[in-house]
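With chain A fixed as given, assemble chain B onto it according to the hints.
Residues per chain, in single letters:
2 protein chains.
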Amino acid sequence: MASEDVKLIGAVMSPFVMRPRVSLNLKGVEYEFLEETFGSKSELLLKSNPVYKKIPVLIHSGKPICESLIIVQYIDETWSGHSILPSDAYDRAIARFWAHYIDDKWFPALASIARAQTEEAKNEAIEQVFTGLKLLEEACEKCSGGKPFFGGETIGYVDIALGCYLGWLRATEKLIGITFLDETKTPLLCHWAEKFSSHEAVASVMPETDKLVEFAKMIQAKFKAPANK
Amino acid sequence: MASEDVKLIGAVMSPFVMRPRVSLNLKGVEYEFLEETFGSKSELLLKSNPVYKKIPVLIHSGKPICESLIIVQYIDETWSGHSILPSDAYDRAIARFWAHYIDDKWFPALASIARAQTEEAKNEAIEQVFTGLKLLEEACEKCSGGKPFFGGETIGYVDIALGCYLGWLRATEKLIGITFLDETKTPLLCHWAEKFSSHEAVASVMPETDKLVEFAKMIQAKFKAPANK
Numbered sequence: 001m002a003s004e005d006v007k008l009i010g011a012v013m014s015p016f017v018m019r020p021r022v023s024l025n026l027k028g029v030e031y032e033f034l035e036e037t038f039g040s041k042s043e044l045l046l047k048s049n050p051v052y053k054k055i056p057v058l059i060h061s062g063k064p065i066c067e068s069l070i071i072v073q074y075i076d077e078t079w080s081g082h083s084i085l086p087s088d089a090y091d092r093a094i095a096r097f098w099a100h101y102i103d104d105k106w107f108p109a110l111a112s113i114a115r116a117q118t119e120e121a122k123n124e125a126i127e128q129v130f131t132g133l134k135l136l137e138e139a140c141e142k143c144s145g146g147k148p149f150f151g152g153e154t155i156g157y158v159d160i161a162l163g164c165y166l167g168w169l170r171a172t173e174k175l176i177g178i179t180f181l182d183e184t185k186t187p188l189l190c191h192w193a194e195k196f197s198s199h200e201a202v203a204s205v206m207p208e209t210d211k212l213v214e215f216a217k218m219i220q221a222k223f224k225a226p227a228n229k
Numbered sequence: 001m002a003s004e005d006v007k008l009i010g011a012v013m014s015p016f017v018m019r020p021r022v023s024l025n026l027k028g029v030e031y032e033f034l035e036e037t038f039g040s041k042s043e044l045l046l047k048s049n050p051v052y053k054k055i056p057v058l059i060h061s062g063k064p065i066c067e068s069l070i071i072v073q074y075i076d077e078t079w080s081g082h083s084i085l086p087s088d089a090y091d092r093a094i095a096r097f098w099a100h101y102i103d104d105k106w107f108p109a110l111a112s113i114a115r116a117q118t119e120e121a122k123n124e125a126i127e128q129v130f131t132g133l134k135l136l137e138e139a140c141e142k143c144s145g146g147k148p149f150f151g152g153e154t155i156g157y158v159d160i161a162l163g164c165y166l167g168w169l170r171a172t173e174k175l176i177g178i179t180f181l182d183e184t185k186t187p188l189l190c191h192w193a194e195k196f197s198s199h200e201a202v203a204s205v206m207p208e209t210d211k212l213v214e215f216a217k218m219i220q221a222k223f224k225a226p227a228n229k
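Chains A and B are the protein sequences, given in the same order. Quick note on numbering: the numbering used here labels position 48 of the first sequence as 48, and the sequence is numbered without any gaps. Quick note on numbering: the numbering used here labels position 151 of the second sequence as 151, and the sequence is numbered without any gaps.
Calculated lysine-lysine pairs in the DSSO-like style (CA-CA distance at most 30 Å, straight line):
no., chain 1, residue 1, chain 2, residue 2
1, A, Lys-142, A, Lys-185
2, B, Lys-222, B, Lys-211
3, A, Lys-185, B, Lys-47
4, A, Lys-27, A, Lys-7
5, B, Lys-147, A, Lys-53
6, A, Lys-105, B, Lys-53
7, B, Lys-122, A, Lys-105
8, B, Lys-217, B, Lys-174
9, A, Lys-54, B, Lys-142
Rather than coming from a laboratory, the hints here were simulated on the basis of the structure.
Okay, chain A solo, but in the shape it has when bound:
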């Protein structure tokens, strides 16, 4: 596709930023990646997302779009080619439901493991992540219809919503010494994770697990610092 005026404000480590990157790759849209520095916010970011002041922001022909899943839908509706949302209204509602669940319940549980102040809170969060994966295993079976992705033969909305957290899932596994994606408990998700991560639209923008682990340790140190004072 010819180069257009498409810019993405983001950061390599962010799962939320990875979502529009994968979507643009799937559509074959070239874009300029404007990387934010951790701990500071550029003038352009503050101007483009004055409400949340958060990445990612997609800027298409000068017009900003915020919130990762809203950006993914915008990309799907704006550029033809690879379809991200299902074509059927009911399937679309189901895909939106799981993407919502992933952001509303599942990822917050995963993110809270590193921040847990007690062993009890940590174990509760781990349990919630496992419960969520069980639900997502069942959703994968229903949505994929025996095909490799939630979206069927190709990567779709739920694949992007969940898949962009895979790096952080693996980093958390390394950090706490637990295997979340297990062949016996969630075989479909195990297979799916492999297919998703190695897909050409994904592989180049998936952050390395070791770098995420380092990054997580740095954030953890920041979080814990005030308590040590």
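Relative to the frame of chain A, chain B by itself:
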């Protein structure tokens, strides 16, 4: 529109249930309203929304759809006639952004006023509601283009997202003795609230403020009960 197999599991007092009710009214779709009893959950609800176990659930030809804003989008994509989402992809992204903001930030602040345990927390929540209304006043100006609704001449996605909280906004005003929607601070929203509430698709499903106040007092008493033990 001819009667179809459309059921809605809900409750009259719920702003989330009001969203699909207004949407179905706008589309002229007849539906069976299956009212849940406060404090208990029907078998049908548990079966239809096993993940969240929450109302509303729309059941269309036996197939359940959950989460109020996902249901509104489903209704818009399934039945023709009145358009709820804007036709332009960028305008759609902006509408989705504000609907997200309303659910993610603004309503949680409003809801937290009644639950605040300290005067400081209560005042902070009140301040957040005012800040949000200021943002929404600006959004209303931009989205409506001088017309009565966020959606322009007719009720759209943001109107439904925000408007279905109007009953609870008024109930909170009565409960704490503060005027949130003020002619001098947010003139556009004041005018909009009047137009929205009196619209034929809305008026019959907007709960009475006094009943919401009673209901809120009952919930408050429940919330406070354990602390008194």
